[in-house]
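S.K.: I would like the entire structure built from these sequences, with the hints used as guidance.
Here is what each chain is made of, one letter per residue.
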Amino acid sequence: MDVTTLLDRLFPDGHDVAVDGVYFDGTGRVFGTNVSVIGTLDNAPIGIELAFRMAGAVLEVVRSHPGRPILLLVDTQGQRLSHRDELLGINGYMAHLAKCIDLARRSGHRILGLVYGQAVSGGFLATSLLADRCYALPDAEIRVMNLPAMARVTKIPLDRLTELSAVSPVFAPGVENYRRMGAIAALWDGDLAACLAEALAAPTDGDPRRALGEERGGRLMARMVADRVRRDAA
Amino acid sequence: MSQATIGNTTSRSYYEDSARGRLLGLLDPGSFVEILPPAERVVSPHLRQLGTPAAFDDGIVVGSGRLEGRRVLVAAQEGGFMGGAVGEVHGAKLTGLLERALDERPDGVLLLAESGGVRLHEANAGLIAVSEVMRAVLAVRAAGIPVIVLDGGTFGCFGGMGIVARLCDAVAMSEEGRLGLSGPEVIETTMGVEEFDSRDRALVWRTVGGKHRYLLGEAATLVEDDVATFRAAALALLDLTPDLSLAALEAEHAALGGRLERFGDCRDALDIWARLGVEEPERLPILDTAEFLDTVRDRRA
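Protein sequences appear in the order of chains A and V.
Residue 101 in UniProt numbering is what sits at position 101 of the first sequence, and the numbering runs on without skipping anything.
Residue 229 in UniProt numbering is what sits at position 229 of the second sequence, and the numbering runs on without skipping anything.
Hints listed in this document are in silico derivations from the structure and should not be mistaken for laboratory results.
Note that this is a predicted model, so its numbers are computed, not measured.
Note that the Cβ used here is the ideal one computed from N, Cα and C, for glycine as well.
It cannot be assumed that every hint is accurate.
Calculated pairs, SDA-like style, for lysine to any residue (alpha carbon to alpha carbon, straight line, at most 25 Å) [to be verified]:
#1 A/K155 to A/R133
#2 A/K155 to V/E282
#3 A/K155 to V/T190
#4 A/K155 to V/V186
#5 A/K155 to V/G192
#6 A/K155 to A/G174
#7 A/K155 to A/S168
#8 A/K155 to V/R48
According to the in silico footprint, chain A covers these stretches of chain V (three or more CB under 8 Å from chain A) [stated by the list, open to error]:
#9 207–213
#10 244–250
#11 256–263
M.R.: This is the structure in structure tokens:
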């Protein structure tokens, strides 16, 4: 879905989101609530400049609009793969963005993510995967790597991976797999404004994704292992 | 593990040691207690499904111990098992340990990072697990408990773990340690050898190695490749007070913006080092750690 259509459907009461290249931000109104929007488009690779700009936008919301919810609409093919970005410490810029999002959460901002295009790897890690709740449109794409590349790296035949991906949500790309694993709270379809309003009203407490993943049969060990390490006698 | 006797002191390479070896050398003798040890047989269910060998600790050792008497929780990734990659169980052990810190309130958490990032064999589970680790690290720091990263292993610290490392209070590195997001091989495979030649070892070390990370300020401390010096560095860093306030993040924002302005057009570490005012920057890679620290004093970004 293109950004203009998406924003119109999310914010029927209007919005002032401005696009600048592959970046956009602004404020939308949904059933009387103002929501800050920060996002990227066109499967943008997240390089240092983009991560830095998003972090600045989050800090600006924390400074100027205490408590206002933040909706992350980050469409990304992943972190920018370049020697120059590594040279300048792109991991530090990604971490900074993550810290700013976490600061907003701790300062009382509701943080929501909506995967509307692509969400891949490092670009997903430093943004919507840190939201209180992350949602996705049914035709969005989420992955770490596509299956042919995964077959090359793991040296497991593509046929075998394709076969297994039909039954296991653990490594195959797809929003439904991420829903089963607990990372996607729900898929949004139909009235997106109503979906957003409902998400804004839902209670948040801690990080529920392990429990969700277990409940949905996608991640059967994460919750148990983390709980045992937290509570076992040592 | 390699041991070399210099005078009366025994030097033990951190780079060549195993995760357990590093932990035992780092902590006060007899103080380490492992949680979910290999005897518990908590293994990855996904590797078995793919017909790939599993490890009884899933490549990470977690537990509690003491450092000069101070209480610490510790995690050490084992590069020898799948390059320290993060899967469902591996990530959950790390998250659980960090959450344990919220209950126990130790003097600090030490993370002996050695990882290529997300384990592709269980990619989705690994990616989500890293994000859970990220949130847990920030929760521990927000509770006032410092989280310290030691980075000096064979496989370096990359991918999601490269982000995790920079979420922590400080990173202590050796020259041999490496820190980044996408590894040189990944960039070369995807973007071509002209973008990043992963076989050019000198280029790799001066881009992601300890000396450059120290000069940029990504690593707080640069130490010799020796378990005892890592121990001393960890102990000193335990006194840090975590600060995730708006003011602290605004200061970090200004610093990262300044780095972009000052070095954004640089295409090689040598350009950055020259701009930092280092004379004969091409000599930095051959200096030993002590000479290097002496040469770059007051020259860090």
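S.K.: Now, for every hint given, state plainly whether the structure supports it.
M.R.: Against the structure, the hints come out as follows:
Taking the CA atoms of A/K155 and A/R133, the gap is near 35 Å; set against the 25 Å cutoff, the hint is violated. Our distance criterion of 25 Å between C-alpha atoms is broken by A/K155 and V/E282, whose separation comes to about 39 Å. Of the supplied pair hints, the one linking A/K155 and V/T190 holds, its CA atoms being roughly 17 Å apart against a limit of 25 Å. About 15 Å separates the Cα atoms of A/K155 and V/V186, which keeps this hinted pair within 25 Å; it holds.
Note on A/K155 and V/G192: the hinted pairing holds, with a Cα-Cα distance of about 21 Å set against a maximum of 25 Å. Annotation: proposed proximity of A/K155 to A/G174 holds, straight-line Cα distance about 22 Å (limit 25 Å). With a C-alpha separation of about 18 Å, the suggested pair A/K155 and A/S168 falls inside the 25 Å cut-off, and the hint holds. This hinted pair checks out: A/K155 and V/R48 have alpha carbons roughly 15 Å apart, not beyond 25 Å.
Coverage of the region 207–213 of chain V by chain A holds [criterion: at least 3 residues with CB-CB distance below 8 Å; count 4]. Remark: the region 244–250 of chain V is confirmed as covered by chain A, as 5 of its residues place a Cβ nearer than 8 Å to a Cβ of that chain, reaching the required three. Check on the region 256–263 of chain V: 5 of its residues sit with their Cβ under 8 Å from a Cβ of chain A, so the three-residue criterion for coverage holds.
Checked against the numbered hints listed earlier, the structure breaks hints 1 and 2; every other hint is satisfied.
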